[in-house]
Amino acid sequence: MRGFSVIFYIFCQLGVLLTYAQPGNYFLSHYAPTDENIDYLSFDIAQTDKGIIYFANKGGVVEFDGRNWDVIESPGAIYSLAIANGNEVYFGGLAGFGKLELTDKNNLAFQLLSNEVNARNIFKCKVINGNVYFLNSTNLYGLDLKTSKVNLSIPAKDNFTGMYELDGSLYVSLANSSLMRLESGQLVPTAFSFLNGDDLLFVDKLAGSTQYLVGTASNGVFVHSDKGTNEVIIKDRSYLETNVVITGRWVNEKLIALGTLSGGVIFINPQTGTTEEIINYYTGLPDNEVFSLMTDRNQGVWVGHDYGFTRIAPYLPFRTYNHYPGLSGNLLTAYSDSSQVYAGTSVGLFKLNKEEVYGEETYFVTRLKKTTTTSATEENEERTKSRKGLFGFLKRNKSKEEPKQEDKPPSKDEVKKVVEKRTRKVLEALDYAYKKVNGIEGKVIQIINVEDKLLTAGVAGVFEINELEATPLLNVPVRTIFYSPTLNQLLVSTYNDRVRTFQSTDNGWEETHLLDTLRDYVGDIFEDNAQNIWLCGRADVVKVELLEGEVSTISHVPFVTSILDETMGFSLGPDVYMAASGSFHKYDVIKHQFVRYDSLPGPRKYFTSMETFWYNDGHRWTTVDNRLKNRLNLQWLGLFPDIRSLTTADNGNSLWLITSNNELYKFIKSDYTEIVKNYPLFLKEVRGPQNKLARSKLLSIDQNESALSFEFIQPEYTNAFAVEYQYMIEGISKTWSEWSATNNIVNFPFIAPGNYKLRIKSRDLFGKISELDPINFRVIPPYWKQTWFFGLEFVFFALLVYLSLRLSAGNRKYRHISQLLSILTVIMLIQLVQNTVESFVSIQTTPVFDFFIQVLIALLILPLEYWMRRVMIEAAEGKYDLNKLKIPKSKD
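Residue numbers for the sequence shown, in the working numbering: 8 to 899.
Think of the hints as simulated: they come from the structure by calculation, not from any bench.
The structure displayed is predicted, hence computed values, not measured ones.
Idealized CB from N, CA, C, for every residue including glycine.
Warning: the hint list may mix true and false statements.
Derived DEER-like restraints, expressed as beta-carbon distance ranges [to be verified]: (1) 438 to 185: 41 to 47 Å; (2) 125 to 746: 18 to 24 Å; (3) 232 to 536: 55 to 61 Å; (4) 638 to 315: 56 to 62 Å; (5) 238 to 164: 29 to 35 Å; (6) 83 to 345: 44 to 50 Å; (7) 598 to 559: 19 to 25 Å.
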């Protein structure tokens, strides 16, 4: 019965471990800013409502919007950050405490709000009930958010060690392990029964909830709410005690993240205490020492460490598989079903195995034993001889030095209770590791399942795989393989430009020699819905027509335009398409050739895998397989513009993808789109030739400084270039620009004077479009090009004309001067009319168009110029009395 209990215990432990063991690690994004002014040592992380992330850094405050890193330098290190009113950033650091404010040049800078000598080395700040509180070891300060004035200063009776917010109240801890609460401007002693005298380590409030996550110095973790406080019974508490918890954060109600000093980040379900994931060096985290921790508004966990910053995304529908030990070489393909995972690399084939880690447990068994003893002395000597252990010799020496005892009378038969020490193996953990499959040396480019037989292809040939053993089917280098369901045969394209065919029999694979006559380069093979097999080459395509499961006709199908690229094809309904040289071509049955097809967007990148054609149109990855589109949310693939391989997994319910960074991800079904919260689109800055400009409702810029740059941003931290932008400038163009990830910056090297309206849109990964309110701005011409200046010139020259008329009336030699002044006046009048029209009518012009406008205005003003000339001539002849400004009567 006791033996059965032991066996039952072992099986229970095994069942628990198997239940929670899941392969694949959380998705990680690593950030390492290259700016030399940015130090990676960050003490705190905070995020505003706009989505911008700030890091309390040794060199100041580091700002990150998903694309750009900026450093707001400070006179000393910054230790803590707090966000008030959604987007106001308060800080505490070596030099004191204060707020980030815009300067006259519209740059963020530090504004110190502390004026006391003791208000230095601020290591904690909190926003509670309209106040910001700052703490150092000697003082607690309070700042009113409305007035930005210090309204509280409390000196410490003992050194302050921490500050926390719980249930809307402020608590501070002291060096003597006592706890105090702020009430009516005073600190009063308080205590929490659940602490049992332990020190508080961290307190974090769950967003949108009344629940708090409380951590203690002895690695205790509690969930506190208005309903009470419950301890989280952590199953892997030994891991926490070994690696020392330093901070903790909520992810959501079902997940918390605990940062450790030497073990990375451990994710735990607070409702059950089970470990969901450990992210450390062995699972992709660059360093195991956690400096700081923060959960963003999309449930991503930010980790500050010695090599930069890492964002952990527990709920993204991707799991990484390239961090398990044992995998080597460049990744080329992957395969999985319900029971096994294989990865093909440039050096061979690897299988992901589940490894059981056992430990040795000591236990004692008491049983009755019938013994016969001769003397106590002999028994003691026998026990001494039978002792084992590292320090057994010390015990033997000690026993020899003890005085001898008198012999007891011998006893022939005795029944004694004997306690026996035994050891047993106990399953401690289930680890995963890759093991290389024996028999394959070289590149593996394909893994397919044919009639429940796993086949691989590569430079070493074609192999049938059984667990960790490979049986050769063909020992020649292979370009590609394809299994035809119509022929029930395997087609193999080899490096020597042959297509060999094999059929599975009871005795193994047998070659059928169906296509032995072909001698062509074949890089891709597929079968259409009419049961024709297509062999894709470089210059043309070979069509193999089948009739009742036999080869009927073999023909070459050319392209209308010459193709010098390798072709890849697919079947879509009754039609067959080929992709080559960045364009699609459709098979014309009548002409028996491929013609260019423009209804599909031109593929920038494309490849085929497991009879599925994938392509990137410059914006997103997609496929022509509608069933796969409906089954999986393929918009997620937009996070990876550099995908090298995509293969279906688990009977089409998931995907394997390999990136150019040699990363292997498994894309699984997920409802994460329901909790994704887009950050707002906003105008980050307007930059002129010299400095930044104020972001007002109407910008007014001089033409001499009209070289403008508008930068917009919608923060995105999984892949910033997954967000695309589109803009239109009313007053210059009436059409929107193309969608592009780089259109968030709108540059104007030069803008003509006038009124303009800049409109901007953003489109996220799932096609959701956000539009910002239009940005109105006006370019003011220099004063010598403005209407009032032309009017003043016109009045000035008109006055000169009048004076010249009077001179010419008195002396004919001034007549030519009057004519010249009249011409200048007419020119000024033309400029005045043109500038006035342009100020009221906003039209896009060119120098040629301006010239014709001026000609038209000149023609309209020509009668005026003729009349002025006649007046000057007649005035010189004395026909006008300029003194009285009226026409004299005729002598007739």
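Here is how each hint holds up against the structure:
Residue 438 and residue 185 have their C-beta atoms about 44 Å apart, which keeps the hinted 41 to 47 Å range intact. Separated by about 55 Å at the C-beta atoms, residue 125 and residue 746 break the suggested range of 18 to 24 Å. Remark: the range hint 55 to 61 Å for residue 232 to residue 536 is upheld by a beta-carbon distance near 60 Å. Judged by the Cβ atoms, the range 56 to 62 Å given for residue 638 and residue 315 is violated: they are separated by roughly 37 Å.
At about 31 Å, the CB distance of residue 238 to residue 164 agrees with the hint of 29 to 35 Å. Between residue 83 and residue 345 the CB atoms are about 58 Å apart, so this pair departs from the stated range of 44 to 50 Å. Our hint of 19 to 25 Å for residue 598 and residue 559 holds, since their Cβ atoms are close to 20 Å apart.
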